[in-house]
Amino acid sequence: MATIHVDGQRYDVDGADNLLDACLSLGLDVPYFCWHPAMGSVGACRQCAVKQFKDEDDTRGKLVMSCMTPASDGSWISIDDDEAREFRASVVEWLMINHPHDCPVCEEGGHCHLQDMTVMTGHDRRRYRFRKRTHRNQYLGPFIAHEMNRCITCYRCVRFYRDYAGGTDLGAFGANDNIYFGRHQEGVLESPFAGNLTEVCPTGVFTDQTHSERYTRKWDLQFAPSLCHQCAVGCNISPGERYGDIRRIENRYHGEVNRYFLCDRGRFGYGYVNRDDRPRLPEWRSDRGDERVTLEVDAALDRGADRLRSARRVIGIGSPRASLESNHQLRALVGEGNFSTGIAAAEQRLLARMQTLNRECGLPTPTLRDVEHHDAVLILGEDLIASAARVALSVRQAAQARREALAAERGIPAWNDAAVRTLGQDRYHPVFIAYPAATELDDITAGGWTLAPDDIARLGFAVAHEIDAAAPAVDHLDAATREAAREIAASLLAAERPLVISGGSLGSEAIVEAAGNVARALARRACRGSLMLVRREANSTGLALMGGAPLEWALDELESRRADAVVILENDLHQRLPSARIETALDAAETVVVLDHQRTATWERAHLGLPAAAFTEADGTLVSLEGRAQRFFQVFDPAYMRPETRIRESWRWLHVLRADVLRHDVGDIALDAVTRDCARHYPDLAAIIDAAPGADYRVRGLKLAREPQRYSGRTAMRAHINVSEPRAPQDPDSAFTFSMEGYNGFDRPREEVAFAWAPGWNSPQAWNKFTDEVGGHLRAGDPGVRLLAPRPGGYRYADAIPAVHRPAEDEWKVVVLPRLFGGDETSARAAPIQTRAGAPVVRLAADDAARLGVRDGQPLRVAGEHGALVLPARCEASWPAGTIGVPAGIEPWPAGGEAVTLAVAATQANEEGRA
Amino acid sequence: MSVTRYHSQLRQSAAERRAETHPLTWRLRDDGARIGLDEYVGKDGYAAVREVLNRQSPDDVVATMKEANVRGRGGAGFSAGMKWSLTMKGGSIPRGYLVCNADEMEPGTFKDRLLLEQQPHLLIEGMILGAYANHSRYGYIFLRGEYVEAARAVQQALDEAREAGWLGDDIAGSGFDFDIALHTGAGRYICGEETALISSLEGKRANPRAKPPFPGQSGAWGKPTVVNNVETFCNAPAVMAHGAKWYQDLSGELSNDGGTKLFGVSGKVERTGLWELPIGTPGRELLERAGGLRDGKALKTWLPGGGSTGFLLPEHLDSALDFDTIGKLGSRLGTGLLTVVNEDQSVLSLVRNLEQFFARESCGWCTPCRDGLPWTVKLLQALERGEGERGDVELLDKLADDLGPGKTFCAHAPGAAMPLASALQYFRDEFERGVTHPPRTAHADPIPVGQI
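From first to last, the protein sequence lines are chains P and A. Take the first sequence: its position 832, counted from the start at 1, is 832 in the working numbering, and no numbers get skipped. Each number in the working numbering comes from the position in the second sequence (counting from 1) with 915 added on.
For reference, chain A alone in the conformation it holds in the complex:
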């Protein structure tokens, strides 16, 4: 199958990508074919595993990862090293699980797919390092079910690695044992939430779990469990090979965050695709690399990192794309894959489409998400059809607020609320145009209820 049909294409040539500057993608070939075990090992693959497992302690790995400040590439930006330092290990604590979150289903996001399809050994190497650091006994790659090509590539790589002794007992003669199984999901967005992922992995309903206790204390089957994104794990081999300072320096003056980021652009631009660039690269450079907007249209708005991030305006294009800077603008870096909206597109319709997706993908556990999101969809549909009532936009304000952080069980509804709230802020007139008549009489004040 030709990979050129996909959006998930790296738009940087092999000449541009070097080991010192492109830790994630430098091994990738221009033809997009999968890097097999031999080629991977030939390009320094599994060198970090051999080095670390034989010469460093698990605590060294955690310390280096912490110092490098590799922030979670799944979207939340939590320090991987910090997460690994909080995993319960030693003493009577049983060896637990290391789980790779490869359930990439964020609207507008296709970065993990590239790594999974073309360079699965990098992920496996990162997971071995993670397992060593976290004292994990077994690993799972929880893969989005629709990623059939990735499943094939990952399974092939797992077989190759096991055959070559990179998985199984006594890895690289270090005495450390660890193996990985591939688990393909059944297609729910919520499985990308780490605790829902664990529930699903256990064969239960994909409901998230309350924290604390965190998965690192009591995760899959009650054992310490570490869940990280594909890209996060893929950073580990280079960090361990070249050190924390090198990693920090990759982003130079651009950002306080270290390393590179697999950025991408989708929407009505000339050239959609992926680029590995230092974290903190401004959105304008990405837009330029994407060839600007198609048909000479003007940029109306953009989402910095998937459907669950807040809308930003053209004036925000010069800000650094890193977790803190985008956070200060009231949005989130998310996955770092830009969704571009041009002047002809309706933000109202776009938001309706997103909320429909999030409402459908709610697991149904907590009330605001389960019953609040469908209400926003119905209101947005009414506005879209020009059947809105006075008060609808204010009701959407209230719903967006009530679906916010701290009020719902997990981050799903707050993620859904963010594009809604920011759209209401920046493009309120589009919503108000849908209001065509006053509230109907049924809304008159009811009979007052007395004290009981």
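So here's chain P without its partners, still in its complex pose:
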């Protein structure tokens, strides 16, 4: 702690901070540009100048940059000092010299840090009367628009892109007042975190291209606290809606999870909720051969209820991409014994193992923030960029934190970013990765091994044995693997906080068990380590906690006619198991009811299709891979701008359908009741009630506003439908209003913030007003509640160690590789993600390719039990021989571990990748 004096006021602050950080944490406004809470200080922009005095009696003082000055005990500074104010006004005047002043047509306008700072410093007249310098812009891909004339040269873009996120294809070019931030030539920005440039850039140089086509100012958007549904990490987001469409996704600060940054899949993968072909009305056909007709709600429910009532037995197939509430309502409808999670058996086994390990291995699961505080990392069988990209960004910070430790030894404060990097150079905390292919973290790794899944597991088991001799040893271990295992074990043991990361991405139980053994071994050696296990989908962890039979069981029940009706919740079964298997089962069912927000292959098989709300139109609870139950809230009412739609939350559909089946009166239902019911039913989920405040939450007696105060056009926006303005939609499910009426301030701490705004702070930097300290936690506490607490358990080492992988002569084992873009069922339906996904390829070892006579790019026919697939070959020298890699999200088969044959194909692969 340190005591500092600001304009005569005494404050206690963290003495390890710089003055800017300390002042902002105190809620004092100091303008700045080049500083960023996640990236530290470099002193480039000179905007944060304040006057510093030697002591209480010093009246002259001197200007210092608050971002580059430690908040040392006994500091006397003045923000209000005339000379400091004048200098800050000069700085913003210089920054505006070449700025185009194109706010009216700039997509940053209204959430622009430059606008905020210009107003804050009082710069309101232009004295520069000469020509401005201008730049040409570049095409940077489907996500990011580029307008270099707006640049104020704060260097935050390259500092984030290169230094923080490890990207290489964005740089600073030129010198003097002709600095250019861009690529060496036009082209797609390669970093999977490029989208953060839209928030890191203080002005409109980098803006959200997906928002551009139908642009709306921030103040005209309706927001709600939401959760990213595109993977299991559970990043907090604020989707913004206008005229019934989601226009963009903004980062929503969560002090323990995503903090300031999202990955590009999460930020730009929302397009599926806006698709024109989404089902918006119930669709019905009594026979598969019939044409589909659309129905009103009551008619649809009645027909559905009739069919379900007359069915012998109804199977419910849930979904790991739907909320706990929706899955619970489905289970309530069909009964516990008839409920399937909708997850394939192999994956479900993995989820169950991961859940047990998280509880019983002896090491806790870290939050993302916590990941950054580990000093040795072992990653077994995960390409984190592909399977949980935001985790990869945190792992990078963990590795780079070594520099801060080194700097501390020389008395260099952690916030002095450039000095920390200079001293640390390329010295990182050790990160070890074993994966079949190279990964995007390889530039910071201490050791990387490209291995077949079984060999990855063997390496893990060997590491565990090296750490704790009681862990089973690995037979027939070759010298290189033993050496690698020793090196890894020594690094993990030498660390203060070792971290083991693994997961289900390669579908290998052995890898998960190996990671568990390493974690157990570390726990037995009393290490303060952690274990993080990556799950695939937004609610995979939640569904595993809820329980239910695997998908194959449900299909068997239908196929064998033990059940004749099925209700499928937000799940395209064709993505999970081979189509033939799905078709046979669904053909056998008399009645297929599907609830979804996408027109999937499964929807096409439905007798009754009920249009479900996408995550932006619904509330619910998800459990992230760290076991954090978090609530997402409805952003907008889809019927407000499209009164003809009959979209409902799945849990609401299922509630009324159940009432109809039971011939009960349809009682009103609200989210809180469903959540409570869900919590009551599953002891593991008992705490989800506390994941967020209920619908009765009020601040100063007010509900919370979804719309900013300046939201415009409310009385006119529906005029093309009806000149009479209807009452704003009411929200019985949450404490939020579909209105600008309600509380939206920062001064009363609250967990759930729809959008960050504070007087004078319109940009994402407004989050600093909501946190207990800059970069800290939301003042009311970060949202969510953790469910996977470690339990004292008997350490029992897994001992099913696979044999060493031996390539067969004419058979290859399939490895399914997750993909960031195109590898996730829903975001793959968003156009910009499809553009970015790139063409699928089949990867194989260069030696295997030579033996087959296939060259890079040549079509290769992959034949397995369920058919054949033709994809261009990609030959990689380091790819493990005897295996092939196929990208996820093309076909649900061949499954990982399946044996296939390969042949050079005569014809080029068609678009679908099918033969």
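To be clear, the hints were calculated from the coordinates, so they are not data collected in a lab. There is no bait here: all hints are sound.
Here are the simulated lysine-lysine pairs, DSS-like style, with alpha carbons at most 27 Å apart:
id	chain 1	residue 1	chain 2	residue 2
1	A	Lys1126	P	Lys54
2	P	Lys132	A	Lys1293
3	A	Lys1243	P	Lys62
4	A	Lys1126	A	Lys1243
5	A	Lys981	A	Lys1243
6	A	Lys1243	A	Lys1160
7	A	Lys1293	A	Lys1313
8	P	Lys54	A	Lys1313
9	P	Lys703	P	Lys769
10	A	Lys1119	A	Lys1004
11	A	Lys1243	P	Lys54
12	A	Lys1004	A	Lys1126
13	A	Lys1160	A	Lys958
14	A	Lys981	A	Lys1004
15	A	Lys981	A	Lys1126
16	A	Lys1313	A	Lys1243
17	A	Lys981	A	Lys1160
18	A	Lys1313	P	Lys132
19	P	Lys62	A	Lys1126
20	A	Lys1183	A	Lys1212
21	P	Lys62	A	Lys1313
If you want a taste of the chain P side facing chain A, the calculated C-beta under 7 Å gives, among others:
id	residue
22	Ala44
23	Arg46
24	Ser90
25	Leu95
26	Ile97
27	Asp177
28	Ile179
A virtual CB, placed ideally from N, CA and C, is assigned to each residue, including glycine.
Given the structure of chain P, go ahead and fit chain A onto it with the hints provided.
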């Protein structure tokens, strides 16, 4: 190539230069040819290295340099001995780098060139002593790219020295190992700033770095790094050979600073060139040695040590040319090479030319320098064309102040502000003559902005 084409000529004959009084130049030949290894060794060259490396400790070297008060000849005048005493060494600290700043690009400055072209072994000897004192593992000579002749001379000398065992392992049987590589710059003035030089040396953008940490704590590639000017290193052999007191006495009563200085004169004088004289020699003597102004013109003003120093008047000619005296006059000694301006020359145009140079050479890192300097250029151009508006001169005052020390990231903009501020002080009428009309209407008060 004949060296007589250059301005970089010593105007003192061999007869005048003696080892006891001219430590930097006494070995130089009248024909300006490079002093090779044999000739250098024959004239006591590398004697200091042999003596010091075998008989003295690194701390002795630092102590002697500190006592001699060899102030940095690159222009800032910081004590080399003090700098060397602050370098982190010993214990777990890795052996770092010793860098010679030979990126001589200060407008009006051509002194290092003489030493580099004609006597590179003196620099190498000085660097070996510096490396020994600072526990440096490796040395770099960061040479201005356009100094092609110097590059040739330095490279030849490095090869000779390495061949003769003055560089490499076990120098002079002392067990000390050290080697030097030549790095030629790509032509940016900012690379003369020591931290920008280090960034450039590392292959990065030539942006300066914030201090602290100083290069001596964390410099090139994060290791302790010492950066000194060519002339500073060249003083070290004589200081170590003859001692601190001898060095102090070289300047006698003229100055508190010790030693000699390689002074020079350029501009409209009869004889431009270089002279090695005791530090503290007044400007008038230099002007006389240069033969006075050409064509009988009167002296209007002069810059004492390069484009980034402040203008002085004829009345300042009798002041001692040393760091403190010139500093008290509101300027800086800088490199000690006088730029002479006669009565016919326009200070406004001269300042415009300088500011254009400094604006172009800004690295673009900090706002005042990057965006403030080009604005001064545009204002000066407007005044030069007689298109100035009322308020322009006051705006230049304000800009010169805002570009001053402490407000910018490094010393580049303050260096650019100094000639501007002093010109505005001494020759304000020249600027005001360029103001021809009132501010245009666009400058009327805008609509007041309310409180948010």
